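So the sequences go chain by chain: A and B. Add 66 to a position in the first sequence, counting from 1, and you land on the number used in our numbering. Add 7 to a position in the second sequence, counting from 1, and you land on the number used in our numbering.
It is worth saying that the hints were derived from the structure and are not from the lab. From a predicted model like this one, the values you see are computed outputs, not experimental measurements. From the three backbone atoms N, C-alpha and C, an ideal C-beta is built for every residue, glycine too. One or more hints might be untrue.
Unchecked claim - Computed cross-link-like contacts, EDC-like style, restricted to lysine to aspartate or glutamate with a CA-CA straight-line distance of at most 20 angstroms:
{"#": "1", "chain 1": "B", "residue 1": "418", "chain 2": "A", "residue 2": "92"}
{"#": "2", "chain 1": "B", "residue 1": "160", "chain 2": "B", "residue 2": "133"}
{"#": "3", "chain 1": "B", "residue 1": "418", "chain 2": "A", "residue 2": "81"}
{"#": "4", "chain 1": "A", "residue 1": "175", "chain 2": "B", "residue 2": "370"}
{"#": "5", "chain 1": "B", "residue 1": "418", "chain 2": "A", "residue 2": "85"}
{"#": "6", "chain 1": "B", "residue 1": "25", "chain 2": "B", "residue 2": "321"}
{"#": "7", "chain 1": "A", "residue 1": "105", "chain 2": "B", "residue 2": "391"}
Said to hold, decoys possible - Quick look at which bits of chain A chain B covers, simulated, 3 or more residues with Cβ under 8 angstroms:
{"#": "8", "segment": "78-91"}
{"#": "9", "segment": "164-170"}
Stated by the list, open to error - Here chain A is said to cover these stretches of chain B; the calculated rule only asks that three of the stretch's residues, wherever they fall, bring their Cβ under 8 angstroms from a Cβ of chain A:
{"#": "10", "segment": "25-38"}
{"#": "11", "segment": "359-365"}
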Amino acid sequence: MTASDDIVDTLSFFDSWEDRYRYMIDLGKEIPSMPDDLKTEERLVPGCQSQVWIDYTIKNNKFIFQVDSDALIVKGLLAIVMAAYQKKNADEILAFNIQDYFEKLDLIKHLSPTRGNGLKAMVEKIKAIARIKE
Amino acid sequence: MQNSNTPHLKHPGFDVEKVRADFPILSQAVNQHSLVYFDNGATAQKPNSVIDAISHYYQTTNSNVHRGAHYLSDKATQEFESARSCIQKFINAAHREEIIWTRGTTESINLVAQTWGRENISKDDEIIISTLEHHSNIVPWQLLCQQSGAQLKVIKVKKNGQLDFNHFKSLLSDKTKLVAIGHISNALGVINPVEEIIKLSHQYGALILIDGAQAMPHLILDVEKLDCDFYAFSGHKMFGPMGIGVLYGKQDLLNAMPPWQAGGEMIEKVSFEGTTFNQLPYKFEAGTPNVAGAIGLAAAADYLDSFDRDALADYENFLLDYATIALSKIEGLKIIGDNCEKASVISFNIEGCHSQDLGMMLDQQGIAVRTGHHCAMPLMDALEISGTVRASLCFYNTTNEIDRLCQGIEKAKSMLI
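Work out the full structure: start from the sequences and follow the hints.
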């Protein structure tokens, strides 16, 4: 089972929003924090309310992303995005159906451009990076 | 369920349940909870009388105005113009021509900046605004200053959210051509001393524009008494429809201003040799206007007028006091904008919690608040915060809803910290 399938499976198991949000917050906490000196303007993804940063390196054609946010739930959402994109090559990233993934998670509203949480911008940014390096 | 923190204040005896019955949207469930709508500062909900007025217009009257060719056009024109007279009376303007329909506060401010401003502002002039302003009362003046070379001066704000009045006085000079100030801060709810600001500005020969977007739902406006030169407001924040707003301007000023947007309605005669412009208020109303919007806004004004406005204000003050006391009991909660005159708006932060996380968790509990910078980034910078949670209340809200907010915050805190 892939990391993203695992998340779909676990989230579908919860009945209450409290359990879903606790799980998302815990996922966020598992991502290592980005060192403050890396949180620069260039790494900032323009979102509306919370700050989201992204950095990456490429190892053996696979992308190693480092992401962070100052809001816990957004960081949890980033962890969910990372489960799909982390350590994948450009083709895999571009082939992944993120809409479908967020539909299955019942989190699709967070991918709407109006949510202002930077998640949509983050996904677009990751795809743009993958396109350049394809 | 009563919160154990419930403060003991004297309820002014206002029948809120009767008022709530006028607002159909309030009785719905959101995320399996009954809706608590505390985002009135962003837009207020609409009473049945407003919804019915719009619906009735489209069912019985819809036609283009000022054409006079047939029965419906006459009827639409009559209702549209009587809406203008209704707003004139509602804000106590001297002439109906002083009421210019716009899309909202933002367009009203831009209209003044791009007509009066382009005609009257030049290189050595100064425009004064304040740190409290919404972006829509900042950026139009920044653009005007870029175009004209004029200077933008900004009144500082104290830590409690009040304007630094001494700093305002120190900025005034014979170079000041315009002071543009919000009546009530959208981010904090602080009420500015506009009467004094207007008097002082006039002493220096400056004109004054008031951004009244946040004031209209809470205060009784009398532009004659205030003696402001321009007053801008939106329909949707005062229980009217979206897409309609008003620019009030003194008649002599409006007459002297050049037109802005050009098109139908605003012309008197068009030829390729030269075009002459229509008289007030049509000079500033190019194109087919928002007729249903104007009629809906008049219905909103009538709705507010159907109450004893002082009783509404008393009840909102009671809600503000109740919420302030209840929220202050939450550990780590800090209210931004306190110990000053305020509308029923509470902006706050909780130590260790991001405002967006709080907002998302309150949403899950059916509670609608606004989070973030509230389109007032310079204010957030001045207060050294990245944003706040804003609960903006109005007369259809209840103490029970405030208790729900407090419980919702405690729940969010227990999950976030």
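Honestly, which of those hints from before does the structure not fit?
Hints 9, 10 not satisfied by this model.
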